[in-house]
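Those protein sequences? They're chains A and B, same order as listed. For the first sequence, the positions run 47 to 476 when this note's numbering is used. For the second sequence, the positions run 1143 to 1527 when this note's numbering is used.
It cannot be assumed that every hint is accurate.
Cut-off 20 Å, straight-line C-alpha distance, at most; resulting in silico cross-link-like pairs (EDC-like, lysine to aspartate or glutamate) [claimed, not checked]:
(1) B:1331 - B:1434
(2) B:1362 - A:447
(3) A:455 - B:1359
(4) B:1194 - A:447
(5) B:1211 - B:1478
(6) B:1454 - B:1251
(7) B:1189 - B:1504
(8) B:1334 - B:1359
(9) B:1370 - B:1504
(10) B:1454 - B:1478
(11) B:1189 - A:343
(12) B:1448 - B:1298
Everything labelled a hint here was simulated from the structure, so no lab data went into it. Please read these numbers as outputs of a predicted model, since none were measured by experiment.
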Amino acid sequence: MLNELMSYLGSTVPPGIAGNQLWALIYVLVVFAGVSATVLCMNWIERKVLAHFQIRLGPMRVGPHGLLQPFADALKLLLKEDIVPAGADVAAFWIAPVLGLVAAFTVYCVIPFGPSQAVTDMNIGILFMLGVSSLGALAIVTAGWASNSHYPLMGALRSSAQIVSYEVAMGMAVVSAVLMTSLNTKGIGTLSMIGIVEAQREQGVWFLFKFFPLGVLAFAVFAIAMVAETNRAPFDLPEAESELTAGFHTEYSGLRWSFFMLAEYAAMIAVSSIAVTLWLGGWMRPFPNLLSGNFWDFVFSLFPALTFGGLAAMAFLGTTRMPPHPYFRIQKIGIGVFAVLLGLLALLLLAIAIGGRGDDVNIAGRLREGVDYVYWFLLKVAIFMYLFIWYRATWPRYRFDQLMAVGWKVMLPISLGVLILTAIVGVVVS
Amino acid sequence: MTDKAMPNAVSHLDPETHKPYLDSNELIINMGPQHPATHGVLRVILKLDGEKVLGTECVIGYLHRGVEKIAENRTYTMFNPYVDRMDYVAAISNGLGYCLAVEKLLNVEAPPRANYIRVILTELNRIASHLLWLGTHALDIGAMTPLFYTFRDREEILKIFEKYCGARLTTHAFRIGGLQYETYAGFEKDVKNFLALLPPKIDEYEALLTGNRIWIERTKNVGVISGKDCIALGVTGPLLRASGVKWDLRKAQPYSGYSDFDFEIPIGQNGDTYDRYIVRMLEMRQSLRIIEQAVNGIPEGAIMAKVPKVIKPPVGEIYQSIEAPKGELGYFIVSDGSTQPYRVRVRPPSFVNLQALDLMVEGMLVADVVAVIGTIDIVLGEVDR
């Protein structure tokens, strides 16, 4: 058992490729739990960040600074009465949220958090991701139809039209990134998620900056299309609150509604991961060419510890800023404990960074590298998640026909043009 | 939904069974009375072809309280607070209209000092009403954030009201013949602080919305109504002015000393939602101008005209209208010589303006219905009374 556990740690490929079923299972569990926990945290973060954009405080009651709010929300949703509207198609009504959740979580199989930090690698990875994630549209349409209600039906119609139109532009943008992978020394392109990042490493440039401005344009098209794809503001027509009350999930409540919520956030993380993998160098740290060598490796490997150390410091600062009222004592203790946990995590990360410095052969070195990979990947994804919230705070909502016009008349021509130009430049360069 | 509730939109009766049925190409949707974007309890029945609106019908009366009937059983003084409950976001305007009407009936005039304070408070209330409109309108179109910014700044106005008369919304600030309360110490300073505070905030809202591509696409050429149609339907206020008709009762029939002040009437050209937005934004700035002139020139003197303790107007009828934030607010009062009015008829701007909804949204999309309801700026308390 121990040998089997240890046997994988030195591996440089994902467990799915290495054929290590035990580790594949462990990775699946870690990713599933991690994504679920992240979604819970995102819920809190979105409410907090949005509130601060809007000169409010957001959740403040459950736990210090509302830190326990996600758990309270989850508990509430679990305990809520489960309503199936009269006249609903019960089977479809049940299946829809599960389908949405499965579609959103399955894509995590191929998301590479690092060269070996993924469940598996597929030679059609990016196709698999796009294909499975668009199954989410099916869930929305099923939900809208099964509810036997007008507003959900309209939400479902909007959603299907929207996802179909934006998928095209998105696909074109992805193809132009895939084209760029064929420029590496091997001369053969790849659809594998890990292969795409490796191609960026071999070419020594993130595809965002490749063939400036073609890479940026393709990225921009993808970045806009992915917001539409996940039904987030300003493209949140399927759940436009002021028009369709809650759109496709109007009739849903309790646990099944929370499935849609989970699926939405999981999909947001998934598409952000695609964007990071294709254009932002995936797990690679910034400036691997410019600032290379053991010294810079060490400096950048301190970032995870510094991040959590900084968060811990902010939490400690928070305790000192609490009003001197007995009511806040328990809050002070709570936030202090939170700060201590963050601080311990920072110390652990610091120990890993120092223990595994300048060395990528033994276990400590492998561990340090793994932490770095996952950290940089998640940091890039986190930036996208913040952008999602920022968009929501800033922009009004598009109208249905305008959304279609933007998709077909603006995004599609741009992405097609970028694709053709990328192909031409690629041929000329090679 | 029965045919009776919607005589125009649903008229599909099966020729054999004589039961109503729905055309499979059409969708009847009940928007409201419980809906996040109908600003209260407005119910709009929409006939849709996909997303396209084929017809609408407003069903109102969910907030009917019989304000006009109540007036017949109250003395003139007792009815004064009731008018605040009609357009509760512009209660001071309602009060001003009523007080002016009764004063006209009694043939008394409020002293100049009272007029100036009335103008300051009414214009502050106009800004408060427009701020609330802006926030909710933006929220309807999907921009969440302006709502919180406008409510933050509206709060400053409400604080002044609260300091002046103790109430924030339903203020009952004015009395027949003038004012009951003298301004509090520091009133002028508070108003001047607000005058300095608001212009940068309006710039902030405009930065968020005016040049925003999505905002422009959502509002330009949406809910277009011509000046001629406005006049035909009796639509007044910013809606009429955005359609290019320069009609503002503060200029056309000056009351309460508005002729003393120098201000402009902003007008639009296209009569679309964007123009109405621009007109209201400019109106806020003009209101600030009026307040500035008024607060710098408040005359000394009495705040109450000589009005008998028991108000018993002579037999007769009058109509007095003012430019409320939402349009022409008129009071038609019939007096039979007793202490109670024989009949009070209110001409509420929201109610009349709401008529234009059907004309404005026909052929548009569902999302535009929400935008147009927002741009008409209705308060259901006033529509239903």
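For residue 1448 (chain B) and residue 1298 (chain B), compute the direct alpha-carbon distance and say whether it is at most 20 Å. violated (33 Å)
20 Å limit on alpha-carbon distance, applied to hinted pair residue 1189 (chain B) and residue 343 (chain A): violated (65 Å)
For a C-alpha distance cap of 20 Å, please report whether residue 1331 (chain B) and residue 1434 (chain B) respect it. holds (11 Å)
Please work out if residue 1189 (chain B) and residue 1504 (chain B) have their alpha carbons no farther apart than 20 Å. holds (10 Å)
Residue 1211 (chain B) and residue 1478 (chain B): Cα distance at most 20 Å? Holds - the C-alpha atoms of residue 1478 (chain B) and residue 1211 (chain B) are around 15 Å apart, at most 20 Å.
Is the straight-line distance between the alpha-carbon of residue 455 (chain A) and that of residue 1359 (chain B) 20 Å or less? Distance of about 15 Å is within 20 Å: holds.
Straight-line alpha-carbon gap residue 1362 (chain B) to residue 447 (chain A), limit 20 Å: At roughly 14 Å apart (the allowed maximum being 20 Å), residue 447 (chain A) and residue 1362 (chain B) satisfy the hint.
For the pair we were handed, residue 1334 (chain B) and residue 1359 (chain B), check the Cα-Cα distance against 20 Å. violated (37 Å)
Are the Cα atoms of residue 1454 (chain B) and residue 1251 (chain B) separated by 20 Å or less? holds (16 Å)
Proposed proximity, residue 447 (chain A) with residue 1194 (chain B) (alpha carbon, max 20 Å): holds (10 Å)
Hey, residue 1454 (chain B) versus residue 1478 (chain B), does the alpha-carbon distance stay inside 20 Å? This hinted pair holds, its Cα atoms lying about 9 Å apart.
Are the Cα positions of residue 1370 (chain B) and residue 1504 (chain B) separated by 20 Å at most? holds (17 Å)
Comparing the model with each numbered hint stated earlier shows that hints 8, 11, 12 do not hold.
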